[in-house]
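S.K.: Residue numbers (the numbering used here), protein chains in the order written: chain A, 1 to 141; chain B, 1 to 389; chain C, 1 to 278.
Just so you know, nobody snuck in bad clues.
Residues of chain A clear of chain C, computed beta-carbon distances all greater than 10 angstroms: (1) Thr39; (2) Glu62; (3) Met64; (4) Asn92; (5) Met122.
Partial list, derived from the structure: chain C residues whose beta carbon lies under 7 angstroms from chain B: (6) Phe95; (7) Ala103; (8) Ala137; (9) Val141; (10) Ile163; (11) Gly164; (12) Cys165; (13) Ala171; (14) Ser178.
Calculated directly from the structure, the hints in this document are not laboratory data. All residues carry an ideal CB built from backbone N, CA and C; glycine is no exception.
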Amino acid sequence: MKLYDGGKILIGLLVFVAFATFPFYYNFGTVNAKPEPKTDTPEIVKYQQEHNGKKECVESKEWMRGEHMQLLNQWRDSVVRDYNRGYISNTNHNRFDMSLQNGCMKCHSSKKKFCDECHNYMAVKPFCWDCHIAPKEDEKS
Amino acid sequence: MLEKALEGSKKYWAWVFFLGIFALSGVYWYIQQFNYGLGLTGLHRDVSWGLYIGQFTFLVGVAASAVMLVIPYYLHDFKKFGKIVILGEFLAIAAVTMCILFIFVDMGQPMRITNVLLHPTPGSVMFWDSVVLMGYLVINLLVGWVTLGADRKGVPPPKWIKPWIYLSIPWAISIHTVTAFLYSGVPGRHFWLTAVMAPRFLASAFAGGPSLLIILALIVRKVSKFDVGKDVIQAISRIVAYAMFANVFLLAMEFFTAFYSGIPGHQHPFAYLYAMDGSSAVAPLMWTSAIFALVSLVMLWVPAIRRKEGLLSLACIMLFISLWIDKGFGLIIGGFVPNPFEEVSTYWPTYPETMITIGVWAIGFLVLTGLYKIAITVREQTAGVEIDH
Amino acid sequence: MSMDRRQFLKITGISSILGLGTSIASATNLITGKQLLPPQVDRNKEALTAKRWAMVVDMSKFKTDEDFNKVFTACHTNHNVPDFRKPDGSPDRKFEVKWIWKAAYERAFPGQDNKYMSEHMKDMPFIVACNHCDNPACVRVCPTKATYKLPDGITMQDMHRCIGCRFCMAACPYGARSFNWVDPRTAPNLKADLPNREYPTRTKGVVEKCTFCSERLSVGKMPACVEAAPKGGLIFGDIEDPNSEVRKIVTSQLTIRRKPDLGTGPAIYYIVGGGDHA
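So that you can see chain A by itself, here it is in the shape it has in the complex (with noise of 0.2 angstroms):
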């Protein structure tokens, strides 16, 4: 059987399989860690010393791994088009409020230790900083 016009479909073949498989050779060689992310920051460690050395989240730690992506996206529309502000949690029934950088970073204040371990890892860029202001010391990152 011939293959007509086969120079071309083979170089054609080369390229696209070289685009495809770009993401597994590029990164060969670096040293990817597991990701740690810490939460052992003053805030916490203050809340723990003054709560008996319970860490109380919002959810599990489970549950916001695999969710805090929707979860963000629900307390996002919450906020701005419905006017709430609180969030009851599921697993402790506290109140927490539903911000970004005022809730969630006031407890885990280092974005590098904390969001970023997961995120640089996964190779997830999630445009959320580009207007949500970053703790601090994590500006120039």
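Take the given structure of chain A and dock chains B and C to it, following the hints.
M.R.: Same frame as chain A, but now just chains B and C:
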């Protein structure tokens, strides 16, 4: 049939390459604009729409003009237009593509464009504009492809295409009416708040689009063996003449209402656009547009001139340029200057803005070239076979 | 071979459309599926509420430049509004973003001056901002509902959703809206540090305008301009409340609004006094 666009003479590829250079330069400048922001253009707080939206508005008109061929052929059995309808439909596809691209390059946050679909707002004219434009693109792609494919095989097209063809007629009217509504429905912009905006848009579309089609048909005759026919060109030119008269007449009506009523808010934009006291950078352009409009109108109306194809093409070029200035530029400026505070702040496109605009036109012409190549090849191969849709 | 190829293409085409369609449908369902319902979310107890927020402007209370600048600075620093200036200090009209500013009488109320009015009167400054109209043209034209009416009368701006089409800017008859032509954080006043770290900036490509400080109302504070204005200069309240100051003024004194004949129903009322303005 797509493969027909990939085979061509050296001249064909030279033309494609020429367009490709400008298209790539447009892409380069768009990347600059995407990274820096729309501040790269000449737009500012007072004139927030400019060349991009103007071009979009003008091209919606060109896209709608396909209906001027569809109506005579499909509704009134004007058999002469049989071979040329496809050129009108393919021009519509290229024009709508350019419209979509101009909207895209004009947006501040193009990555959020899906918000228009995720949060549909039936009360917003812009929402409807995007809906009808997408629909028109789909209709023309469908109708053009199916009818041309049938022509290639020498058979009549399948019966199910007829309703789509009939649908394209009111749809074409609607795309330009809805685009006019973008302007004529906002309070506070005296230049735009006029009931004749939609009729004038349609009149200028039905003049400008077919006049471009005449020029394209003459070019096609030169570069290929496909000749639409002298009498077809003459028939279209009569359509252009009547439509252009309606357009010029409606423009004169605008002048009358503004100046006879004496309302300052209505007069100011006209005074700014046509002021020859040096206060307005755009005035020489507007006067050129007006003169070209009148001269081309006369040339189209005098049969002795219209029948000479050389002079006819000159008239068509002048007409196209006149409408391009009027709708693609003057219309926007007039709405924004003077601003709501009755202050005059000027707008002029910057170099990057111009290069992006040229880039989009180049992409549009690439689409047009490819589609026309397919249509011409089919017509050449089926020369002598009767077309019956 | 060609018949099979056509069949193959048809089947592939339809199945990919179906596949794409269902995946898009399920993706959007994921985003919109789990909604936050009350009582999981609630308003602050200290939030200020109203049936219809409105503002009365008494220009006679503004006597010096300082009076004006305090108001503009309060708003613009509270909201990290970029201040683009040319190297010589004059404002850069091209990238200008302003939520509240002053305009001369003949500019704020075009057509309401007459040729016998003194130049001094024609140039008298009036504070202007978004009028938070009853029937706003901007809300009508926004294709994504990025600008919308809150139930308490505020015409709000959702900077997250705005696609930057600027139709609202074309529709607003008052020139109240600004666009971020470049990244606002490149402005001289925002480059080094941000004036208010409790409020976000915006990013390039979105429209912004006065929001009647809805975020401050949410925590029980009055709008920044109202607090910074000289006493009685800017009066803010619920015009539907018969006991509010704004309602009392509007019913008993002569007030005008900008371009009232356009049917927009602006909510900023300017007191027309006798003689002595600023």
